[in-house]
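Just so you know, the protein sequences line up as chains Z and H, in that order. Counting from 1, one number per residue, gives the positions in the first sequence under this note's numbering. Counting from 359, one number per residue, gives the positions in the second sequence under this note's numbering.
The hints are simulated quantities; they were obtained by calculation from the structure and are not laboratory data. Some hints here could point you the wrong way.
[Claimed, not checked] Below, computed lysine-lysine pairings styled on DSS-like, alpha-carbon distance capped at 25 angstroms:
1) Z:Lys129 to Z:Lys159
2) H:Lys406 to Z:Lys269
3) H:Lys635 to Z:Lys68
4) Z:Lys269 to H:Lys395
5) H:Lys558 to H:Lys627
6) H:Lys426 to H:Lys395
7) H:Lys630 to H:Lys676
8) H:Lys558 to H:Lys517
9) Z:Lys48 to Z:Lys37
10) H:Lys635 to Z:Lys277
11) H:Lys426 to H:Lys412
12) H:Lys517 to H:Lys552
13) Z:Lys150 to Z:Lys129
14) Z:Lys154 to Z:Lys129
15) H:Lys376 to Z:Lys14
16) H:Lys372 to Z:Lys18
17) H:Lys552 to H:Lys596
18) Z:Lys129 to Z:Lys200
19) H:Lys676 to Z:Lys18
20) Z:Lys238 to Z:Lys129
21) H:Lys487 to Z:Lys277
22) Z:Lys129 to H:Lys426
23) Z:Lys37 to H:Lys627
24) Z:Lys37 to H:Lys395
25) H:Lys406 to H:Lys372
26) H:Lys676 to Z:Lys277
27) Z:Lys68 to H:Lys627
28) H:Lys596 to H:Lys426
29) Z:Lys37 to H:Lys635
30) H:Lys558 to H:Lys635
31) H:Lys558 to H:Lys596
32) Z:Lys37 to Z:Lys51
33) Z:Lys272 to H:Lys558
[Said to hold, decoys possible] Footprint (simulated), chain H over chain Z, 3 or more residues, beta carbon under 8 angstroms:
34) 58-69
35) 82-90
[Unchecked claim] A short, non-exhaustive set of chain H residues, derived as facing chain Z with CB atoms under 8 angstroms:
36) Leu392
37) Ala439
38) Asp440
39) Leu447
40) Val449
In this text, a Cβ means the ideal position worked out from N, Cα and C, and glycines have one as well.
2 protein chains.
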Amino acid sequence: MLCLLYHEPQPAHKGRQKQLQMTELVLELTAQVLEDKDIGFGMVDSQKDAKVAKKLGLEEEGSLYIFKDDRVIEFDGEFSADTLVEFLLDVLEDPVELISNPMELRAFERMEEDIRLIGYFKGEDSYYKAFQEASERFQPYIKFFATFDKATAKHLSLKMNEVNFYEPFMEEPAILPGRQLSEMEIVEFVHQHKRATLRKLRAEDMFETWEDNLDGIHIVAFAEEEDPDGYEFLEILKDVARDNTNNPELSIVWIDPDDFPLLTTYWEKTFKVNLFKPQIGVVNVTDADSVWLDMSNDEDLPTAEELEDWIEDVLSGKVNTEDDDDVKDDYDGVDREDRHHGDDHEDHGDCDDHDDSD
Amino acid sequence: MLCLLYHEPQPAHKGRQKQLQMTELVLELTAQVLEDKDIGFGMVDSQKDAKVAKKLGLEEEGSLYIFKDDRVIEFDGEFSADTLVEFLLDVLEDPVELISNPMELRAFERMEEDIRLIGYFKGEDSYYKAFQEASERFQPYIKFFATFDKATAKHLSLKMNEVNFYEPFMEEPAILPGRQLSEMEIVEFVHQHKRATLRKLRAEDMFETWEDNLDGIHIVAFAEEEDPDGYEFLEILKDVARDNTNNPELSIVWIDPDDFPLLTTYWEKTFKVNLFKPQIGVVNVTDADSVWLDMSNDEDLPTAEELEDWIEDVLSGKVNTEDDDDVKDDYDGVDREDRHHGDDHEDHGDCDDHDDSD
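Please work from the sequences and hints to get the whole structure.
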């Protein structure tokens, strides 16, 4: 396995120089931690090594490209040693995990946050192999499971050579049309369904998720699952997502602040919200402008109906990040400099500006 | 709030110098991230600032001391910006969280990994205040909840002014003896019960947990909760813990490798185990010597009974880290240099040696 960091040429700007240095440090630490795992690490300068980059198909500066067997996996997540090591260890595992007893089945059923596919096969035959080939294209972002066990299949209502697709937080899976599916049929289906109605932001693909916005906006919900208030809000949110799972216009990004301690205070500043409490809002990914649903009454989270009404208003454009701009500047003490600061970073969204903002 | 890092004098050894530098960097980054939270940061040199340290009661080099109101909280966990920021944000929150509706109650009941106390009070009266004062002594390590709501109290079988103590992973809580408890009664009870039969290693107090060993050994279980195998093994482990909750000699440290990506490969090397699979073993905290239960047959995790038998053998000394030493050196290809390397670090256990091992 080989990991290549594709990076911008040595920048003139001091802050960016330091950032590139930090990135190198992270890569070094990762290499040290994984030294026994037979992984090569290298850096490719987008200017000096332009030819190599072209040949290898490296395109996005700042991304890490992992070459495993004949595949290329792009890492476009938080560049910390923690995240990177965990990611690479996941890549080293088998892409399909077998479920063979009731306890493992329970573990499978608990993973509601992730997109999961599960197939029922006679054994390691050609249909299983097609499933496995498909899984490799999505590893480690999307989880693939298989069972050869009749009782497990029965519990999941899976027929022989059938594959089910579980959208995060939904109770019922979608059944892939047809049986004895080819690799391409599976791949196609996943591509069409992988943007979930409610998706949890994960460190390992946070920039990719952020880039996958709808018409330049994201509906973003902050909720700490470990916190009673946050948990309650999240349950309401899941209800709303379940009711609207067939609306292709709707995809809510759930961020658990516990997963991003280093970004939490940055988000509080940028969005002017208190993240000790649950919040939901619309964020314009271009200028980081945002509006948030008023939930200032602590005792009274919105009901699923109220939340749905608000989301409808967002989708219809009635609630948007532009209308209130004048009012905002008059009344809420927004720091103008701060806002302009936000504007400097148009090109790469809001999630990734943390280092610049210090 | 003020945070002081109590550290050793500038070391002569290059590696340790670099480590101190890294620590400073982490502290700087933490301060930057939390710059709006009104927290002061400083460093106290155990030699140069010996007088100040004595006056403030700083004792453990490498610990961070947090001064909040009239309390001192010691942080003796993983020194990373992530962990530190999350910890400090927790310290800023109220030490007692109110539970006031069925959804919040469900959130409370799901937190099986943590030690939790919950009290039922009429309102913010003197009994509640005593509970709150007690909570401040354990914040943020032990979670305190209260309810003023009759239905919630009924669901938990709590009588007025009664306090329940939930040990991690146990189904039934212990009831604190008496009602209308004083601060000291609560504090005493928590101190007596805080070493759980099964405790999950957490980044924020990992060194403290490691130091709290029983006769120089730890029973350590590695299991990834997100992995079907790991989940299954963990369920067995919980059963065993529930059956043996009254045995004060038994405390199993559960480590989820997912929580410690940077240490996983170090542990694999030190303990010579494969952490892609669940493992349970005995670790001698002085020399990092260890023995592990043979679970090489993938299909066949031990039953709760088998696990209990093995734990009994550990507690009786029949299974221990010394007996096999000769055999080990003859047969299993242990790298002698590696083992001696492990011996260098006698003074501070195994958890914290990661940086030295590179």
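Cross-check of the supplied hints:
1. Z:Lys129 to Z:Lys159: holds (17 angstroms)
2. H:Lys406 to Z:Lys269: violated (38 angstroms)
3. H:Lys635 to Z:Lys68: It holds: about 22 angstroms lies between the C-alpha atoms, which stays within 25 angstroms.
4. Z:Lys269 to H:Lys395: Distance of about 11 angstroms is within 25 angstroms: holds.
5. H:Lys558 to H:Lys627: holds (21 angstroms)
6. H:Lys426 to H:Lys395: holds (13 angstroms)
7. H:Lys630 to H:Lys676: holds (21 angstroms)
8. H:Lys558 to H:Lys517: violated (30 angstroms)
9. Z:Lys48 to Z:Lys37: violated (29 angstroms)
10. H:Lys635 to Z:Lys277: violated (37 angstroms)
11. H:Lys426 to H:Lys412: Given that 25 angstroms is the threshold and the Cα spacing comes to 18 angstroms, the pair holds.
12. H:Lys517 to H:Lys552: holds (23 angstroms)
13. Z:Lys150 to Z:Lys129: The given pair, whose Cα atoms are some 19 angstroms apart, holds under the 25 angstroms limit.
14. Z:Lys154 to Z:Lys129: Between Z:Lys154 and Z:Lys129 the Cα gap is close to 22 angstroms, so the pair holds against 25 angstroms.
15. H:Lys376 to Z:Lys14: holds (23 angstroms)
16. H:Lys372 to Z:Lys18: Satisfied, since the Cα-Cα distance of roughly 23 angstroms is no more than 25 angstroms.
17. H:Lys552 to H:Lys596: holds (17 angstroms)
18. Z:Lys129 to Z:Lys200: At roughly 30 angstroms apart (the allowed maximum being 25 angstroms), Z:Lys200 and Z:Lys129 break the hint.
19. H:Lys676 to Z:Lys18: With Cα atoms ~55 angstroms apart, H:Lys676 and Z:Lys18 exceed 25 angstroms; violated.
20. Z:Lys238 to Z:Lys129: violated (34 angstroms)
21. H:Lys487 to Z:Lys277: Roughly 24 angstroms separates the two Cα atoms, so the pair holds.
22. Z:Lys129 to H:Lys426: violated (59 angstroms)
23. Z:Lys37 to H:Lys627: Judged against 25 angstroms, a Cα distance of about 11 angstroms means the pair holds.
24. Z:Lys37 to H:Lys395: Violated, because 41 angstroms separates the two Cα atoms, which is more than 25 angstroms.
25. H:Lys406 to H:Lys372: Status holds; Cα separation ~20 angstroms.
26. H:Lys676 to Z:Lys277: Violated. H:Lys676 to Z:Lys277 sits at ~52 angstroms, over the 25 angstroms cutoff.
27. Z:Lys68 to H:Lys627: Roughly 24 angstroms separates the two Cα atoms, so the pair holds.
28. H:Lys596 to H:Lys426: This hinted pair is violated, its Cα atoms lying about 36 angstroms apart.
29. Z:Lys37 to H:Lys635: holds (16 angstroms)
30. H:Lys558 to H:Lys635: Status holds; Cα separation ~17 angstroms.
31. H:Lys558 to H:Lys596: It holds: about 11 angstroms lies between the C-alpha atoms, which stays within 25 angstroms.
32. Z:Lys37 to Z:Lys51: Violated: Z:Lys37 and Z:Lys51 sit about 29 angstroms apart, past 25 angstroms.
33. Z:Lys272 to H:Lys558: This hinted pair is violated, its Cα atoms lying about 35 angstroms apart.
34. 58-69: violated (count 0)
35. 82-90: That given contact holds, which follows from 5 residues of the segment 82-90 of chain Z lying within Cβ reach (below 8 angstroms) of chain H.
36. Leu392: holds (6 angstroms)
37. Ala439: holds (6 angstroms)
38. Asp440: Since the shortest Cβ distance to chain Z is 5 angstroms, the answer is holds.
39. Leu447: The hint holds - H:Leu447 has a Cβ within 8 angstroms of chain Z, the shortest such distance being about 7 angstroms.
40. Val449: violated (12 angstroms)
The earlier numbered hints that this structure contradicts are 2, 8, 9, 10, 18, 19, 20, 22, 24, 26, 28, 32, 33, 34, 40.
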